[in-house]
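Just so you know, the sequences run in chain order A and B.
Reminder that position 9 of the first sequence reads as 8 in numbering that gives the first Met the number 0, one-by-one numbering, no gaps.
Reminder that position 33 of the second sequence reads as 32 in numbering that gives the first Met the number 0, one-by-one numbering, no gaps.
Simulated from the structure, these hints should not be mistaken for lab results.
Since we're looking at a predicted model, the values are computed, not measured.
In this text, a Cβ means the ideal position worked out from N, Cα and C, and glycines have one as well.
Errors might be hidden in some of the hints.
To be verified - DSS-like cross-link-like pairs, simulated, lysine-lysine; straight-line CA separation at most 30 Å: (1) B:Lys227 with A:Lys40; (2) B:Lys220 with B:Lys202; (3) B:Lys202 with A:Lys40.
Stated by the list, open to error - Derived CB-CB ranges, DEER-like: (4) A:Gly36 with B:Glu277: 41 to 47 Å; (5) B:Glu25 with A:Leu35: 56 to 62 Å; (6) A:Val1 with B:Asp265: 18 to 24 Å.
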Amino acid sequence: MVVTVRLFATLREGRDKVIQLELDSGSTPGDVIDQLGISQKDVAILLVNGRDGQMDQVLSSQDTVSLFPPVGGG
Amino acid sequence: MHGYRGKILRINLSDHTFRTEPLDKEKALRYIGGRGLGSKIMSEEVDPKVGAFDPENKVIIATGPLTGTPTPAGGRYMVVTKSPLTGTIASSNSGGFWGSELKFAGYDLLILEGKSPKPVNIFIHDDEVTIRDAGHVWGKTTTETTEALVKEAPDKAKVLCIGPAGEKLSKIAAVMNDINRAAGRSGVGAVVGSKNLKAIVVKGSSKPEIAQAEKLKEVVKQSRLKLKENGVTGQGLPTYGTAVLVNIINESGVFPTNNFQTTYFDKAENISGEHLAENFLIKRESCFACPIACGRYTKADDIEGGGPEYETIWAFGAACGVDDMKSVIKANYWCNEMGMDTISAGVTIAAAMELYQRGKIKDEEIDEGLSLKWGDAASMVEWTRKMGLRDGMVADRMAEGSYRLAESFGMPEVAMAVKKQELPAYDPRGIRGQGLQYATSNRGGCHVRGYMISPEILGLPEKLDRFAIDGKAEWVKIFQDLTAYIDSTGLCLFTSFAIDVKGYADLLNAVVGTSFTDAEVLESGDRIWNLERDYNLKAGIDPSQDTLPKRLLKDPIPDGPSKGNVTRLEEMLPKYYEIRGWTEKGIPRAETLEKLGI
Ligand code: SF4
């Protein structure tokens, strides 16, 4: 299955902003960041299709995973 | 006295007299300083029913006990007055270096009374206070005014001023200091303008005393470490500034677009913090004693200056359907130069665009060469400048803010405002606690009276389900109370991403020599909150105004990640009133006021 991964802020360093990943079925956001060489501690916010996601949730084909380092402001 | 300087400077602008008064320390400790103490003095001295532009209204410029001390990000001051925009008590916060300089001059607060017969500037150099003619700077922009006045003052003096918008009584005018820092919201700049006061130039030469200097060193070291190790204050804000929020808020589908008609902006990348950092950032800027340095200094074509902040980018960006960062930078520049609140200015233009979309503003009513079409970036920049000058029929009405603009064209529901103040950059239909916060904020539509984005989106201090209702009233109350306390100390609210209640108590205790517990910190915030509420009720701000624009209550988000949601305010409000100790009608109970000693 194919999922879209969107990276933001410092997670873009050395990587593309948007990446299409071919994954085995049953894959999770945890697998996605492993595959991209991102350490879990660098991900502060994880969204799946714009909703709060979990590192161990099973992804579906066409899902969008958005990953952010710690960000804030206001 | 420690932390405090122990002195208030009271200036009567009607007869150009002034005097100093001792600070009542007991009162100061009950209301801390800044927003709290300023509001307390307002409640004692200014009839809540007074008109904002009446000479009887006062402007209280209040530092906190930590302003100008070595505490991290302790350089803030507050402008407290009755707002011409909302009719509520207003307190607008600003950073930079002016607030700490006022402390160095030996004052905790300035109380400005009356109305000068002609435009004047106030110069303060320690004990020396002069009130001088301002004819030569009246009508000038913020930069022109500041550059002219520093030449008339001692070396390194700091300038606070209003721009043309404040002079022309725009209800969204800001008080500016250090050129690009703004006490932006609620039209406080117009109240200064109504008093014929253009600027206050300050130079000071002594520091506040510290109660426990050794202890403070230790506490400051710990807080700085916490700020450095925290991802938001140690990395996110220093690297990208507040603009880094554009993508996270948009990806969550709560980035209001085209005046809150939709909540996902497909061109957000073009106005993102990442894009700003890559293409327009010249340098970072910091306020007094701040290790975070979230400020940006940017350049677009021949225009350069401070900002833009996240809220500004959104207001002149997605809210107006604009995806051109250069134009956002230019509109931000005009707001600084005219002395206008960027949130209110951008949202007011967005309201005008919707009025045009709905046929309420007609082509023939629009100034030649301009349009009110969604996404017309060049026109948006020009509308901003014209609004500051009240130049033309539509721009003149814009200067009154979105509510009065929309009402004048017969469609007030187009104004995305609470208590007539424009909402900021988060759609509450997908962030339920933030909706409750907007509705109950004591100065109307505002995100910095209780930043529920922190737990509901950013996961700080813990992640809450943004669509949940349960528990939100409790969270909102704690955030509002803690914010009221922070706003009163003189610290920057951004420290709260990393510093907890105990950390704040430690900082105050070491500087002032008090022994505030965590509970007392929150209780002082609760006291300030209730005092403001009480003032607003007496001013005639009925609890029925604890609401949101109809669009946010009734129209589900049409698409994107938060599709299908409305705010569900009515399910949270009763609980909120209850835990505040208010009646079901939203009136503080006598025992609540008594318990807090109001
Ligand atoms: S965090 Fe930003 S706004 Fe706050 S004091 Fe520091 S530089 Fe100023």
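Status of each hint after checking the structure:
Straight-line distance between C-alpha atoms of B:Lys227 and A:Lys40 comes to about 16 Å, which keeps the hinted pair within the 30 Å bound. This hinted pair checks out: B:Lys220 and B:Lys202 have alpha carbons roughly 28 Å apart, not beyond 30 Å. Under the criterion of a C-alpha separation no larger than 30 Å, the hint pairing B:Lys202 with A:Lys40 is inconsistent with the structure, at around 46 Å. As the Cβ distance of A:Gly36 to B:Glu277 is approximately 22 Å, the hint placing it in 41 to 47 Å is violated.
The beta-carbon spacing between B:Glu25 and A:Leu35, approximately 59 Å, falls within the hinted interval of 56 to 62 Å. Separated by about 21 Å at the C-beta atoms, A:Val1 and B:Asp265 satisfy the suggested range of 18 to 24 Å.
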